[in-house]
Amino acid sequence: AAGVIQSPRHLIKEKRETATLKCYPIPRHDTVYWYQQGPGQDPQFLISFYEKMQSDKGSIPDRFSAQQFSDYHSELNMSSLELGDSALYFCASSFGLAGVSEQFFGPGTRLTVL
Amino acid sequence: AQSVTQPDIHITVSEGASLELRCNYSYGATPYLFWYVQSPGQGLQLLLKYFSGDTLVQGIKGFEAEFKRSQSSFNLRKPSVHWSDAAEYFCAVGAPEAAGNKLTFGGGTRVLVKP
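Protein chains in written order, with the working numbering: chain C, 1 to 114; chain E, 115 to 229.
Incorrect hints may appear among the rest.
Incomplete in silico selection of chain C near chain E, CB under 8 Å [unchecked claim]: (1) Glu14; (2) Tyr33; (3) Asp42; (4) Gln103.
Because the hints were derived from the structure by calculation, they are not lab data.
Here a beta-carbon is modelled for each residue, glycine too, at the ideal position from N, C-alpha and C.
In isolation and in its complexed conformation, chain C is listed as follows:
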């Protein structure tokens, strides 16, 4: 079965650079979630989109922005990168509105900021 695809899988950037992470949800899934997992931490919710509109927002820094496109893929844009942004970034997708909404996670993008 098709799974959530994230690219790139690994990314190395310098401080103050920008990074773009991409997420391709499972076909027919219309909701995308982004989570950040720092070293030794639990995943923290950043932001989610349903039908290309932002549906919820968590502890996402103002330096980060995200959007969901017409084909339902999503991109997380990160600017002015800081050392503390080094983390594993997960994308998850689900189908539908409130109700049963199991989230399927991608393999993650490991971002290292030097």
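Based on the hints, put chain E in the right spot on chain C.
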């Protein structure tokens, strides 16, 4: 707002022994509850989930979990642990009434398996 507590940061268990991981949640109504497993450097794999109905939920890899509303708990169990079960386990809660609802994760429990 929902929250999740996993009281045990580390658990060491012998191979073949039983395993129980604790999870307590805080939420105003009945939440959606999940257990995920994560191997080092890997993604999150769903073990099992509870949405409604039977409070004893069967999952993959021989795991089960029991939802106890009176105790706000959703503990994960496995009768006989295999060495491959060594990983980090996360309990998570979701809010049923919200569209695009986020998952809130507990701090995780790292399981070590002794031969």
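Query raised in the report: Should the hint that Gln103(C) touches chain E count as held when the rule is a Cβ pair under 8 Å?
Result: This interface hint holds because 6 Å falls under the 8 Å limit.
Query - Hint validity - Asp42(C) Cβ closer than 8 Å to any chain E Cβ - result: 4 Å, holds
**Report entry** Restraint satisfaction for Tyr33(C) [CB to CB of chain E, less than 8 Å]
**Finding:** The hint holds - Tyr33(C) has a Cβ within 8 Å of chain E, the shortest such distance being about 7 Å.
Requested in this report: Have a go at the Glu14(C) hint: is there a Cβ in chain E nearer than 8 Å to its own Cβ?
Outcome: 23 Å, violated
Checked against the numbered hints given earlier, the structure breaks only hint 1 and satisfies all the rest.
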